Amino acid sequence: MKKLLVVGLVGLAMVACTKKEGQEGAVIKIGAAGQLTGPEAVFGSDMLNGVKLAVEEWNAKGGVLGKKIELVPGDDQAEPRQAVAVANKFVTEGVVGVVGHFNSSCSIPASEVYHKAGIPQISQACTNPKLTDQGFDNVFRVCGLDDQQGKAAADFAVQKLKVKRVAIIHDKTTYGQGFAEEFKKNLGTGVEVVAFEGIAKGEKDYSPVVTKIKSANPDLVFFGGIFTEGGLLIRQYKAVGGTAPFIGGDGIMSEELLKIGGPATEGTYATFGPDTKEIPSAKGFNENYRKKYGEPGVYSVYAYDAANIILQSIQKAGAADGKKITPEIRAIDYNGALGHIQFDAKGDVKESPYVVWKVENNKFKQVK
Amino acid sequence: MFLQHLLNGITIGGSYALIALGYTLVYGVLKLINFAHGEIYMIGAYLGFILISLLPAMPPFLQGSLPLFLLVVFGIAAMICSLYGFYLEKICYRPLRGAPKLTPLISALGASIFLQNFVMISMGAKDRIFPQTIGMRAISLGGVSFTPLQLTIIFSSIALMALLYWFINRTRLGTAIRATSTDPFMAALVGINVDTVISVTFMAGSFLAACAGVMIGLYYGSINFTLGYLGGIKAFTAAVLGGIGNVPGAMVGGFLLGIIEALGAGYFSSEYKDVYAFFILIAVLVFRPAGLLGKRSDERA
Amino acid sequence: MLRLTDLELRYGPIRALKGVTLDVAAGEIVTLIGANGAGKSSTLKAISGIHGTSGGSIVFAGRRIDNLPPHEIVALGISHCPEGRRIFGDLSVRENLLMGGYLLAKHEMAGRLDEVLGLFPRLGERIHQAGGTLSGGEQQMLAIARALMCKPGLLMLDEPSLGLAPIMVEKIFETIVALKQTGLTVLLVEQNAGAALEISDRGYVLEIGQVTLSGTSAALRDDQRVAQAYLGG
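Protein chains in written order, with the working numbering: chain A, 42 to 409; chain B, 171 to 471; chain C, 78 to 310.
Because the hints were derived from the structure by calculation, they are not lab data. Note that the structure is a prediction, hence the values are computed from the model and not measured. Keep in mind that a hint or two might mislead.
Stated by the list, open to error - Restricting the straight-line Cα-Cα distance to at most 27 Å, the calculated cross-link-like pairs of lysine-lysine (DSSO-like) are:
1. K364/A x K102/A
2. K225/A x K203/A
3. K365/A x K226/A
4. K157/A x K387/A
5. K332/A x K171/A
6. K205/A x K225/A
7. K213/A x K296/B
8. K171/A x K404/A
9. K406/A x K300/A
10. K296/B x K332/A
11. K399/A x K296/B
12. K108/A x K365/A
13. K296/B x K130/A
14. K296/B x K242/A
15. K404/A x K108/A
16. K404/A x K201/B
17. K157/A x K406/A
18. K300/A x K271/B
19. K242/A x K192/A
20. K318/A x K225/A
21. K296/B x K333/A
22. K226/A x K333/A
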C-alpha cells in the first residue's frame, strides 16, 4: 500500500514538473534577446532594462490576462548562430512574444525560427530592410530602416556639409555593409567616393585602413558599424593625421564611442531618431527608467515600447497564443513613449523620421 | 603612404618582437612552447590599465612627469608579470620535467585557459578602455604622421631589446642561459643550477611581454581578456619566422611580421590582415623550416 | 678522497651498476677500464649527480654526495668532463671557459682564466672562436680546460681519447700526467686500456656493472685476463 502511495506521489510530481508553462501555466513569458555579453553588451543591457521596466509596470498592475509576466532574457552575443540558439530556446520555453534582436545579422536568422513557431517578434534596433522584406507576418520593428537612415545621412552630407569627397568604411556585417551601401546609393553625382573599405570586427589595429583613407583625402568619412570599431577608427584616423569628420548611424550612438575614441570623437555625426528627451510622451518613461537603472541608453525606449506593444496585444487577443497575438500587433494603434506607432503591411513603422546628431563637448546632441 | 605603413608596422612589430623573445628564450632552455605566454602579455596590458587609471591618485612628482610615470608603470607591470612567469613555470612545467613532450604542452594550454578566465572573471568580460593621458596628437614630418606615443613605443621596444641582448651576451647569468639552451646536462656539470636558469628565463620573457602589453594597451586604447590569444599566436609566428630558439631571430621576426602585416593590409586588403602573417609562416616552414636566422641542424660533436 | 660502496644504478628496469665498490685517494690517477656497456660512464654519472642511484653510497671528502643535484657536487669540488666532450658549440672558447668557472667568485675569474690558458696555449690562440668550430683535439683540450676552471679537487674524465688521432691522444695523456703533478686527483674512464694503465697509479676493471678486478696499474698490466680482454694480447 505504501509503495503505491510513493509511486503515485512521484508520478504526480513528475507530471507537475513537465507541465508546459507559459501557455497554460501560471505565468506568461516574454523574451528579450540581444547582446547581453561581449563588447557591445551596453546596447543589450540598455534594451533589457527597457523591457524590464515595461514588464515591472504591467506586473505592478496585476500582469496580463490575470497572470504574472516572466521576462526571459536571451544572450545572442551579437553572433548569428547564437541568435538562432536563443530563438530555439525561447520556443521550447513557451515564450509568446519576443523583443529582439539587436543586430540585423542576428534578428534576420532568428526571425525564421520565430516565423515557424508562430511567435511575434518586434525588433527594437534591427535596421536592415531585409528583416521585413522576408514577408513574415509575425515580424515587426519599431525602429527605422537603413534605406531611410542611409538617405538621411547622405542628404545631410550633401546638403548641409556640402562635401565633395567621401570615404566609406563598413564592418562587413549585414547592418554595417547594408547601411554603407544605402548611404553610397543616395550620394548623387556631385560627390566622389574616394574609398570603400571593409574592416574586420574585433580587430584592434586599423592603422592600415586609416592610413589608406587619409591619403585619399576625403572631406567626410562614413562608417557603417558599431561604436566598438567606430571609436577605434576615429581615434586611429586622427592619430595618423586625418582631419575629416566621421558620420555614422545608430550603431555608434553610444557614450562608449566617446570613451573608446577619446577627444578625437569631437565633431562626429550620427543619424538616429529624434531626441526622446525632448518628446513629451517619453517624459514618464525617462523618469521611471532613471530611478531604476540610471540614464537610459538610446535604444531603451524602443525596447520599452516594443514590450508594451506585445503586452497590449496579448491583452487584446485575450490569449497567450502567438497566432492570436500577431494580428493584434499588426492592427494596433499605439501611443507610447516614442509617440504614435502603427505598423504597415510589411511590419515597419509607418512614420520613422531620422535626424542627425553631433558630438559636442563630449556629448551627443541633436543637430537643429 | 609607404613610409606611413612602414612606421605603423615597426610600431606593432616592436611589440611582436618583445613577446616573441619570451617564446624563443623558453624554447631554447626547455625545448617547449609556452602557450600560456600570450596570457602573460595580456595580464601586462591589464596591469598597465590598472596602474594608468591610478594616475590621479599618484604623488605629484609622478603626475607632473609623464615619461617618469610611464617608466614606473612599465617597471611595476613587468615585475609583477615576472612573478606570474616564475610561478607559471614552477607550478605548470617544473613538475612535468621528465614527462613526454605532450604533457607539458597540455599543461600550457590548461594554464592559458585558466589565466584567461581568471582575468575575465576578475576584470570583467567587457573591453577596458585606457584613460587618454598619453600624447595622441599627430605630428607630421615629411608626409608621415606619427604620435609621440608611437615614438615612445618604438624607442622603448628597441631599448628593451638592447637590454636583453646585453643581458644574454654580456652577463654570467645570461651566458648561462645560452649554455643551458645548448646543453642542459653539461650546464649542470659546470655548476649551473639549471632550475634557477629556467626560472630566470621565464621571468625575463614575462618582463618583456608585460612591457609589450602596456605599450599595446596605450596604443590601441582598449584591451580585452582575449588579447593574449591572437597576440600570442602572432608573436609565436614571429619567433618561428626568425628561427625558434634564436634571440636575434625573434627580434627580426617580430619587426618583419609587423611590417609585412602593415604593408599587406595597406596595399592589398586590410580584411585579410591576419592572414598575411600565417601565409608567411607557412612559406617559411616549407622552404626554410629553421627560420630565417635558425641553424641548419647538423651539429659537430 | 672518494669512496663508492656497493653502488647501484638503474636505467628504468635495467640495472647498470650492480654494487660497485671502489675508492680514489688524493693525488692519485685511478682508471676504470672495461668493455662497452660495462658501466664505466654510469659510474661517473652517478658521482657527478647526473643520474640518480638506487642503492649504496658515495662519500667524497667525508661527505655523502649520492643523489645531490649536479651543481652542488661541482661546488664541492668534483668536475666531470663527460664523454663526447660536449662543448657549448655556440659559445666562444672564452665563454666556454667562463661557464666552467661559473661558480668562481668574480675577482677570481680573470686570474683563473689566465692560469688555465697557460696550460693550454692553443686555446688562447682561438679564444674568441665559437667552440663548435674547433678540431676534435682542440675541443677535448677545451673540455678539460673548462673542467679545470672551477679548481676542482677531483677531475673525472670520460673517454678523453675517443675519436682522436694517436698524436692527440699522446698529448692529452701527457697533459693529464702534468695535472697530476699539480696535485690534482684524477678518475679516468678509458676504452684505451693500455694508455690508461700507463699513466695511472691504480685501476679497476668493470664487467656488467661490477668490479671484477682491481689493483695497481702495474699489476693489472701484467694480469693475464686483463691482457687478453683489454690489451689485445
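Here's how the hints hold up against the structure:
no.	hint	in the structure
1	K364/A x K102/A	holds (25 Å)
2	K225/A x K203/A	holds (15 Å)
3	K365/A x K226/A	violated (40 Å)
4	K157/A x K387/A	holds (17 Å)
5	K332/A x K171/A	violated (37 Å)
6	K205/A x K225/A	holds (13 Å)
7	K213/A x K296/B	holds (22 Å)
8	K171/A x K404/A	violated (32 Å)
9	K406/A x K300/A	holds (16 Å)
10	K296/B x K332/A	holds (25 Å)
11	K399/A x K296/B	holds (26 Å)
12	K108/A x K365/A	holds (17 Å)
13	K296/B x K130/A	holds (25 Å)
14	K296/B x K242/A	holds (15 Å)
15	K404/A x K108/A	violated (42 Å)
16	K404/A x K201/B	violated (54 Å)
17	K157/A x K406/A	violated (42 Å)
18	K300/A x K271/B	violated (46 Å)
19	K242/A x K192/A	holds (25 Å)
20	K318/A x K225/A	violated (31 Å)
21	K296/B x K333/A	holds (22 Å)
22	K226/A x K333/A	violated (43 Å)
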